[in-house]
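What follows is each chain in one-letter form.
There are 2 protein chains.
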Amino acid sequence: MRRIAESTIRRLSLYLRFLEEFEEEGTATVSSEELAGRGATTAAQVRKDLSLFGSFGKRGMGYRVHELATKLRDILGLGRTYDVAVIGAGKVGSALAQYGGFAARGFHVRWVYDADPAKLGLAWDGLRVRDVSRMEDDLHDHGPDIAILATPGDVAQSLADRLVSLGVRAILNFAPVQLAVPADVAVKNVNMAIELETLSYALRHG
Amino acid sequence: MRRIAESTIRRLSLYLRFLEEFEEEGTATVSSEELAGRGATTAAQVRKDLSLFGSFGKRGMGYRVHELATKLRDILGLGRTYDVAVIGAGKVGSALAQYGGFAARGFHVRWVYDADPAKLGLAWDGLRVRDVSRMEDDLHDHGPDIAILATPGDVAQSLADRLVSLGVRAILNFAPVQLAVPADVAVKNVNMAIELETLSYALRHG
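Protein chains in written order, with the numbering used here: chain A, 615 to 820; chain B, 615 to 820.
Chain A on its own, in the form it takes in the complex:
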């Protein structure tokens, strides 16, 4: 499959959410116009995005909601569950460890790690904060599919190295550093200040 832009993947995630809403409302088929109308995009963009993954829907007939939702879940890798470790039990890490929206999508936070003795043993929703110095002992048999790195910047790279050694191939990185990882490891950086800068840009340019 050719390389797909991340912006396209994100729109697929949105289309899936809209399709699930249509399904809940009992709608069996939708047009690209209706799908576009739920979000901030156009019917032409919907058709273009979906055409990258094959032929869906029939001209004038629209898309079958259940079928397309199933297909999008498959494309997005949501046909399975993922075990997730949160590294860093600070404000961001604790909010993420308790975030209700993950499990509904098959992302199950199984472990939370921190280095701060004051945090060890804290439990959120039954999830106990574990000692990061014991991470390799805990995880050498069965490790996370995805790690969420929510630590200060100065320790992020060494933690990423350890996670990669444990077989982790996907990292959601909240630490304010660019991680160096092998080519087969996916890293997605999240930076709340950059989110705000898309808004300051919009305000600046009206």
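Rather than coming from a laboratory, the hints here were simulated on the basis of the structure.
Be aware that a few hints might be false.
Note that the list lumps identical chains together, so a pair holds whenever it fits in one copy or between two copies.
What the hints assert, rightly or not - Below, simulated DMTMM-like cross-link-like pairs (lysine to aspartate or glutamate); rule was C-alpha separation at most 20 Å, straight line:
hint, residue 1, residue 2
1, LYS662, GLU648
2, LYS705, GLU809
3, LYS733, ASP752
4, LYS662, GLU620
5, LYS802, GLU620
6, LYS705, ASP745
7, LYS705, ASP739
8, LYS672, GLU637
We have chain A already, so just place chain B on it with the hints.
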């Protein structure tokens, strides 16, 4: 100015961060290769992104670090400060209200609102949680430039309407709903499950 893709804006934010690092290291000029090397992009992409905003740097000479950083700050609307209100003092709202990375960029969280009587009066870093029913009284004279909406989905639209009535023209939306706002209001949706789905997609297509 023609419409610029959000992915471009986000890269400009990254280039600015890299330039600031170069400046701290005492580097006066950088090439597009060096700038690309800090992040996950190419020299050609750097040149293309910057060319959208005018002519920077000289062929074979590279970019002057301080000059380009200043220009990028201007493009991104970072030549001023922004007053920010956080609506919703739950786990996400409290993490955002206390997030250290905002003030460094000129985004100052001045207000936190919630409707839950148990949360009112809580204070984080001197910032007291205020009663959202009094939001109009508090803010009619001087309101936020940007609102961060971190509430459950069912109350998000009515709160967005109230914020727009108060003159807010930019909303960072963590609520899991698509907000309907006037055309002159910028909304940026943040959804942590969608961030994870860019990783499940990567794992699926390996």
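(message) Cα distance capped at 20 Å. Does LYS705 pair with GLU809 within a copy, between copies, both, or neither?
(response) Both ways: LYS705 and GLU809 sit 18 Å apart in one copy and 18 Å across, limit 20 Å.
(request) Can you give me the call for LYS662 and GLU620, within, between, both or neither, at a CA distance of at most 20 Å? (result) For LYS662 and GLU620, the Cα distance is within 20 Å both inside one copy (14 Å) and across copies (18 Å).
(request) Using 20 Å as the alpha carbon limit, work out where LYS733 and ASP752 are close: within a copy, between copies, both or neither. (result) within (18 Å within a copy, 37 Å between copies)
(message) Regarding LYS705 and ASP745, is the shortest C-alpha distance of 20 Å or less found within a copy, between copies, in both, or in neither?
(response) So LYS705 and ASP745 pass the 20 Å test inside one copy only (17 Å; across, 23 Å).
(request) Please work out whether the CA atoms of LYS672 and GLU637 approach to 20 Å or closer within one copy, between two copies, in both situations, or in neither? (result) within (19 Å within a copy, 55 Å between copies)
(message) At most 20 Å between alpha carbons: which applies to LYS662 and GLU648, within, between, both or neither?
(response) within (15 Å within a copy, 35 Å between copies)
(request) Measure nothing new, just compare the shortest in-copy and cross-copy C-alpha distances for LYS705 and ASP739 to 20 Å and report within, between, both or neither. (result) both (16 Å within a copy, 13 Å between copies)
(request) Give the relationship of LYS802 and GLU620 under a CA distance limit of 20 Å: within one copy only, between copies only, both, or neither. (result) For LYS802 and GLU620, the Cα distance is within 20 Å both inside one copy (10 Å) and across copies (16 Å).
In summary, this structure violates none of the numbered hints.
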